[in-house]
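Student: Now for the letters of each chain:
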Amino acid sequence: MLEVRDLSVEIAAGREKLRVVEGVSFSVGRGEAVGLVGESGSGKSMSAFAILNLFPSPHARIAGGDIWLEGRNLRGLSAREWRGVRGAQIGMVFQDPSSYLDPLIPVGRQVAETLRAHGRNEGAEARVLELLDLMELPSPAEVARKYPHELSGGMRQRILIAAALALRPALLIADEPTTALDVTVQAGILDLLTRLRVELDLGILLITHDLGVVAETCQQVHVMYAGTIVEQNEVGALFRQPRHPYSQGLLGSMLGPDSRAGNLFSIPGSVPGARDMPAGCRFHPRCPIFQPGLCDTGEPALVDRTGGGSDRCRRSGEFDNAWRRTA
Amino acid sequence: MWFVARRLLHAVPLLFCVVVLNFVLIAATPGDPVTILVGDFPAPPGYVEQVKREFGLDQPIYVQLMRYLGHVLTGDLGYSFANRQPVSTLILGRLAATLELTLTALLLASLLGIALGMLAARWRGSWLDSGVQGIASTGYSIPDFWLGQLLILVFSIWLGWLPSQGNMSVRGAPEGFAGFLDHLRYLLLPALALSFRYLALIARITRAAMLEVLSADFILAARSRGASETSVMITHALRNAAAPVITVIGYNLGFILAGSALIETVFGWPGIGRLLFDSISRRDYPVMMAILLMVSVTVVLANLATDILHRAIDPRVGDR
Amino acid sequence: MSTPILEARSVSQLFPIRSRQRLFARTVMQRAVDGISVSIHPGEVVALVGESGSGKSTLGRMLLGLLPPSEGSIHFRGEPVAGLSGDAARRFRREVQVVFQDTGASLNPRHTIGQSVALPLQHNLRLPAGEVGRRVDTLLDQVGLAPARFRERLPHELSGGQRQRVGIARALASEPSVIIADEPVSALDVSVRAQVLELLDRLRRQRQLAYLFITHDLGVVRALADRVLVMQGGQLVESGEVDALLTSPQHAYTQRLLAATPVPDPARQAQRLAQALAGRPA
Ligand SMILES: Nc1ncnc2c1ncn2[C@@H]1O[C@H](COP(=O)(O)OP(=O)(O)OP(=O)(O)O)[C@@H](O)[C@H]1O
Ligand SMILES: Nc1ncnc2c1ncn2[C@@H]1O[C@H](COP(=O)(O)OP(=O)(O)O)[C@@H](O)[C@H]1O
Ligand code: SF4
Ligand SMILES: [Mg+2]
Ligand SMILES: [Mg+2]
Chain S
1 MLEVRDLSVE IAAGREKLRV VEGVSFSVGR GEAVGLVGES GSGKSMSAFA
51 ILNLFPSPHA RIAGGDIWLE GRNLRGLSAR EWRGVRGAQI GMVFQDPSSY
101 LDPLIPVGRQ VAETLRAHGR NEGAEARVLE LLDLMELPSP AEVARKYPHE
151 LSGGMRQRIL IAAALALRPA LLIADEPTTA LDVTVQAGIL DLLTRLRVEL
201 DLGILLITHD LGVVAETCQQ VHVMYAGTIV EQNEVGALFR QPRHPYSQGL
251 LGSMLGPDSR AGNLFSIPGS VPGARDMPAG CRFHPRCPIF QPGLCDTGEP
301 ALVDRTGGGS DRCRRSGEFD NAWRRTA
Chain V
1 MWFVARRLLH AVPLLFCVVV LNFVLIAATP GDPVTILVGD FPAPPGYVEQ
51 VKREFGLDQP IYVQLMRYLG HVLTGDLGYS FANRQPVSTL ILGRLAATLE
101 LTLTALLLAS LLGIALGMLA ARWRGSWLDS GVQGIASTGY SIPDFWLGQL
151 LILVFSIWLG WLPSQGNMSV RGAPEGFAGF LDHLRYLLLP ALALSFRYLA
201 LIARITRAAM LEVLSADFIL AARSRGASET SVMITHALRN AAAPVITVIG
251 YNLGFILAGS ALIETVFGWP GIGRLLFDSI SRRDYPVMMA ILLMVSVTVV
301 LANLATDILH RAIDPRVGDR
Chain Y
1 MSTPILEARS VSQLFPIRSR QRLFARTVMQ RAVDGISVSI HPGEVVALVG
51 ESGSGKSTLG RMLLGLLPPS EGSIHFRGEP VAGLSGDAAR RFRREVQVVF
101 QDTGASLNPR HTIGQSVALP LQHNLRLPAG EVGRRVDTLL DQVGLAPARF
151 RERLPHELSG GQRQRVGIAR ALASEPSVII ADEPVSALDV SVRAQVLELL
201 DRLRRQRQLA YLFITHDLGV VRALADRVLV MQGGQLVESG EVDALLTSPQ
251 HAYTQRLLAA TPVPDPARQA QRLAQALAGR PA
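Chains as they are written, first to last, in our numbering: chain S, 1 to 327; chain V, 1 to 320; chain Y, 1 to 282.
Bound conformation, chain S alone (with noise of 0.2 Å):
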């Protein structure tokens, strides 16, 4: 349903050019959801924002590669198609949801404002008010006249989903959508995107950096690093065995029953900027079997492996961890 091909975000800066997303693709079914996980500074918000051609910063655009919606490529749309397409086809929803809700205006308005940014202005309240209710929100009509500082982040959380679904769009990309949310609250935004799959059929790109919310929602999963990714897989398979030291190290880093201090694993130093882009493998300056000669030869492809999935990596699979290094 949704393919990204070739993926280029580029900022400028001054005189200069960044590029903080290069050559990403992938894609969305309908019914899936898919991860974007990597630490912060990885590019998987400019990815996301790309996806809508629609970014916080004046600076940045889409550098190159297409995004086919539904067999339309989105790339050459003019302002007046892309418009079109937000929120319609495709819905979008926030990390930091106090932030992404206009403080002046009751919440059921701003979930009505997708319709009416499309023209369904007839029936709007009564949709507002099924939408509230499949978030699971109580007494929708109450809620739908509050303000957004009336009510707690799990529910604003909810109004913002509302918001990106009114128009049943195909796609939900959901950016950081708990981080900033309590954990019990966090569960129940999860429970809530994974019934909403399932029941509207619905395809979502899940960004994230916590690899227990991958692991519990979604079925595809891209690992991102450094504005590219670097391994791609099913999500049973990449967790029982990743094959990118990147990967093994995200992994080896979360905390786990038997995590205690003193035994903690963390991947030294940290992600390059955009300015000081290593040559070869952009992770080398942080990989434990980085081979000179064979890294820092040009940027390894993304190549499909036999048994499926994808990575980055010239030894990929040598090791099971290649931070212990057991063969």
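Just so you know, these hints were derived from the structure itself, not from any lab. Accuracy of the hints is not assured; some may be wrong.
Stretches of chain Y that chain S covers, calculated by requiring three or more beta carbons in the stretch to come under 8 Å of a beta carbon on chain S [as the list claims (entries may be wrong)]:
no., segment
1, 80-87
2, 220-233
3, 255-261
Selected chain S positions facing chain V (in silico; Cβ < 10 Å) [said to hold, decoys possible]:
no., residue
4, Trp82
5, Ile90
6, Asp102
7, Pro103
8, Glu113
9, Ala164
Just so it is clear, CB atoms sit at the ideal spot from N, CA and C, and this is done for glycine as well.
Since the structure of chain S is already known, use the hints to place chains V and Y with the ligands on it.
Tutor: Chains V and Y with the ligands only, in chain S's frame:
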């Protein structure tokens, strides 16, 4: 509603202080009103004392204050020594003209200022934006009486399009709609002169507030729902930018009131501003006090109106 | 046991909630914290969990002396904080430090990292200038930021995780004996989170530093804390040793929190899906 009542109640001690302060300020300025009243002629012995007694000016200052307060409370603003008329009659006669001038200026400044600020923010960086910013910075630095004289020079003296003095044709003012138009011709220049500085300020604040709101996250969210730029501007940006703009309009109303004294004098507009100007030069205490009191009440009410508007716009104000 | 460094004895905090409907606004009081006692001993990590709005941060602010309790009292090394003055009060302010979720936001944007960390050294410890420079470098090194690379940088040139570590370095500069940490790692990526947790643990072992650790991440609680307190609606509903409490939680909220914590095991998806479809919880 309770809020309004409560705020009005809070305003009472404030107004009381204003009255006392006015009184003290004026009493403290040098110059003897009796001299003005009696004139410079050698008065017969005892006459000055008699006049003083008649107007209560022989009493100690605090007695004068108490009497003044009592009168103000009963709506009696006193008697103008210089005009030999009750102050209230004097003021009422001038009120309409001043209201007309100041309200026109206020409306002109607010509507044009907000519109210009919005357009500048919408097309940020365009020639339109540069133009508005130009107006805003020059407008703010031109004194309004100077602008008034410039307008008279250009439109009345050189071009001869508009009259420069008064508020209607003295001889043979037409009736009906023609009369209204005739009147507008007189109103235009002083209202423009009076509003310009204010307009510049409002345009600048509106532009800045709009730009700030337009970079907010919820604007991005509205766009992600497919809302058009116009709808984003009107439903979200303008509303959220309104708070600072209204604050500036309300709290700077004093500008217009202060400006009107000079502008009315420059344009010979028969309003309260000019009355104040005249009464200052004649040391006409009761008139001065009454006008200052009126100005204070207006400012207090304007602030109250600002707060009420705030509450109406922003549901977060007042219930934390 | 030794005397606790910091102790709250049945403290409550009442906040006025104004109602806007009356001529003379009547104030109703809300008990954000309701009769809670906590003690923190040297080298101990006490975790405080609870749902949003349960009063965790409010309790933290009382322990920091930022908010006088409406009822009860706070004790520092056995002395009531309310009665401290002069040197004793200064000592309290120096030894009890805080780290917030977004400590980076509270760094002065115009001060370099080095200047920010130097400030408490000059003010709280009154060290001579030469000594300050050396200490700043040691502290930056301790939090894993190479002094040569970071000393002269401004906050906006750092990533969130790096800024958070600067915040911790600044708190450590005063040589505290206890740190109130309010969600200090919630905004961090997994890999940086692990680094910060290791740092906090090392300091605890090396310096007998104690923490009150406010969080809703049970993974963090398990990794670092000795004891855990569970709050709900301003009250303490459950407390105990971490392992015991997390193995058999008694209170409904603790059970819910445990069930809600995501596990990196895709095999649980089927179960969650069933739960999501079945449950439309009110
Ligand atoms: N200054 C204040 N005035 C009035 N009420 C307050 C104030 N500070 C906190 N509260 C209220 O006290 C209660 C407890 O707040 P607190 O910040 O301690 O919660 P918390 O447990 O830290 O929540 P979170 O997990 O969301 O940080 C809340 O209901 C809050 O609204
Ligand atoms: N307005 C901006 N100006 C310059 N660089 C930016 C801007 N917004 C984002 N970036 C850069 O783009 C990259 C990707 O950012 P983002 O997509 O937000 O990452 P993520 O969502 O994975 O945390 C980062 O290196 C970030 O610093
Ligand atoms: S290509 Fe080389 S440097 Fe890059 S991840 Fe693989 S082994 Fe490491
Ligand atoms: Mg992001
Ligand atoms: Mg808190």
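Student: Would the stated hint for Asp102 of chain S survive a check requiring a Cβ distance to chain V of less than 10 Å?
Tutor: Holds. Min distance 4 Å.
Student: Taking 10 Å as the limit, does the beta-carbon of Pro103 of chain S come near enough to a beta-carbon in chain V?
Tutor: At 6 Å from the nearest chain V Cβ, Pro103 of chain S passes the 10 Å test, so the hint holds.
Student: Establish whether the coverage given for the segment 255-261 of chain Y by chain S is satisfied; the threshold is a Cβ-Cβ distance below 8 Å, and no fewer than three residues must meet it.
Tutor: Three-residue rule met by the segment 255-261 of chain Y, so holds; n is 5.
Student: Once the shortest beta carbon distance from Trp82 of chain S to chain V is found, is it less than 10 Å?
Tutor: holds (9 Å)
Student: Quick check: the segment 220-233 of chain Y, covered by chain S? Criterion 3+ residues, Cβ under 8 Å.
Tutor: Holds: 4 residues of the segment 220-233 of chain Y have a Cβ under 8 Å from chain S.
Student: Hold the hint about Ile90 of chain S up to the distance rule: shortest CB distance to chain V must be less than 10 Å.
Tutor: holds (8 Å)
Student: Establish whether the coverage given for the segment 80-87 of chain Y by chain S is satisfied; the threshold is a Cβ-Cβ distance below 8 Å, and no fewer than three residues must meet it.
Tutor: violated (count 0)
Student: Does the closest beta carbon of chain V sit nearer than 10 Å to the beta carbon of Ala164 of chain S?
Tutor: holds (7 Å)
Student: Given Glu113 of chain S as an interface hint, is its Cβ closer than 10 Å to any Cβ of chain V?
Tutor: Since chain V brings a Cβ to about 5 Å from Glu113 of chain S, closer than 10 Å, the hint holds.
Figure legend: structure checked against the earlier numbered hints; the only hint not met is number 1.
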